[in-house]
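Given the structure of chain A, go ahead and fit chain B onto it with the hints provided.
Protein chains: 2
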Amino acid sequence: MDSLFFPDGAIALDTIDPGKVTRKVRAHGDKTMIVEVFFETGAIGSEHSHPHEQLSYCLGGEFDFFIEGKVRPMRAGDSILIPGGARHGVKCLAKGRLLDVFSPPREDFLSR
Amino acid sequence: MDSLFFPDGAIALDTIDPGKVTRKVRAHGDKTMIVEVFFETGAIGSEHSHPHEQLSYCLGGEFDFFIEGKVRPMRAGDSILIPGGARHGVKCLAKGRLLDVFSPPREDFLSR
Numbered sequence: 000m001d002s003l004f005f006p007d008g009a010i011a012l013d014t015i016d017p018g019k020v021t022r023k024v025r026a027h028g029d030k031t032m033i034v035e036v037f038f039e040t041g042a043i044g045s046e047h048s049h050p051h052e053q054l055s056y057c058l059g060g061e062f063d064f065f066i067e068g069k070v071r072p073m074r075a076g077d078s079i080l081i082p083g084g085a086r087h088g089v090k091c092l093a094k095g096r097l098l099d100v101f102s103p104p105r106e107d108f109l110s111r
Numbered sequence: 000m001d002s003l004f005f006p007d008g009a010i011a012l013d014t015i016d017p018g019k020v021t022r023k024v025r026a027h028g029d030k031t032m033i034v035e036v037f038f039e040t041g042a043i044g045s046e047h048s049h050p051h052e053q054l055s056y057c058l059g060g061e062f063d064f065f066i067e068g069k070v071r072p073m074r075a076g077d078s079i080l081i082p083g084g085a086r087h088g089v090k091c092l093a094k095g096r097l098l099d100v101f102s103p104p105r106e107d108f109l110s111r
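So the sequence lines, in the order shown, correspond to chains A and B. Numbering that gives the first Met the number 0 puts the first residue of the first sequence at 0, with every later residue one more than the last. Numbering that gives the first Met the number 0 puts the first residue of the second sequence at 0, with every later residue one more than the last.
Please note: incorrect hints may appear among the correct ones.
What the hints assert, rightly or not - Cross-link-like lysine-lysine pairs, in silico, DSS-like; alpha carbons within 27 Å at most:
#  : chain 1 : residue 1 : chain 2 : residue 2
1  : A       : 94        : B       : 69
2  : B       : 23        : B       : 90
3  : B       : 23        : A       : 69
4  : B       : 94        : B       : 69
5  : A       : 94        : B       : 23
6  : B       : 23        : A       : 23
7  : A       : 94        : A       : 69
8  : B       : 19        : B       : 90
9  : B       : 69        : B       : 90
10 : A       : 94        : A       : 23
11 : B       : 19        : B       : 69
12 : B       : 69        : A       : 23
13 : A       : 23        : B       : 94
14 : A       : 69        : A       : 90
15 : B       : 94        : B       : 23
16 : A       : 23        : B       : 19
17 : B       : 19        : A       : 90
18 : A       : 19        : A       : 90
19 : B       : 19        : B       : 94
Just so you know, these hints were derived from the structure itself, not from any lab.
Looking at chain A on its own, in the form it has when it is part of the complex (with noise of 0.2 Å):
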């Protein structure tokens, strides 16, 4: 596998619940994924769960992280690691950007 770059203004702008939540898939490769969530203030990110490992970094703003039945408060520079399997979702309480990280990749995500 070769390196890759991936410049901001080549990444689509997936929208993923309209006026709410948008997100970038930003650089892959065989083990790890960037995907990058936009959140308007209140909206949810529906409890789910995946077999993924997932690490999630707040950029900015204000959360609520739901899981495994805890309320976690993240704000910039929080990060939490979500193991695969674990159901997990998210309350935004202020318009900030979530920072997520899986491994591996979500290939759903690049079926869009």
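For chain B alone, coordinates are given in the frame of chain A:
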């Protein structure tokens, strides 16, 4: 493996190159690790390689990325795939931050 929260305030700021480069090892799990690296203008990340797959995402500032004989400008929103074993380095042209993702996690960063 359980979910795990990594509040920013609980993460040590490691000095890599005094007055020039510092970093925070953020969320990590079985497969992945997020590391944020803070560069002052003019700081250099010397060329090196490692077997881990790496993604780098520019959070701000201006960088030149050197990878396998090519130079790539990196600005906020740009990202790059660095396959395992690929030689790479970076020069900071204007103070900024990179978010590096590794798979597998850099165990050597945890033993500091």
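Comparing the hints with the structure gives:
1. 94/A to 69/B: 37 Å, violated
2. 23/B to 90/B: 19 Å, holds
3. 23/B to 69/A: The given pair, whose Cα atoms are some 25 Å apart, holds under the 27 Å limit.
4. 94/B to 69/B: Measuring from Cα to Cα gives roughly 22 Å; hence the hint holds.
5. 94/A to 23/B: 25 Å, holds
6. 23/B to 23/A: 24 Å, holds
7. 94/A to 69/A: 22 Å, holds
8. 19/B to 90/B: Holds, because 11 Å separates the two Cα atoms, which is no more than 27 Å.
9. 69/B to 90/B: Holds, at about 13 Å.
10. 94/A to 23/A: Holds, at roughly 16 Å.
11. 19/B to 69/B: 24 Å, holds
12. 69/B to 23/A: 25 Å, holds
13. 23/A to 94/B: With Cα atoms ~25 Å apart, residue 23/A and residue 94/B stay inside 27 Å; holds.
14. 69/A to 90/A: 13 Å, holds
15. 94/B to 23/B: 16 Å, holds
16. 23/A to 19/B: Roughly 31 Å separates the two Cα atoms, so the pair is violated.
17. 19/B to 90/A: This hinted pair is violated, its Cα atoms lying about 37 Å apart.
18. 19/A to 90/A: 11 Å, holds
19. 19/B to 94/B: Cα-Cα ~9 Å, so holds.
Hints 1, 16 and 17 from the earlier list are contradicted by this structure; the remaining hints agree with it.
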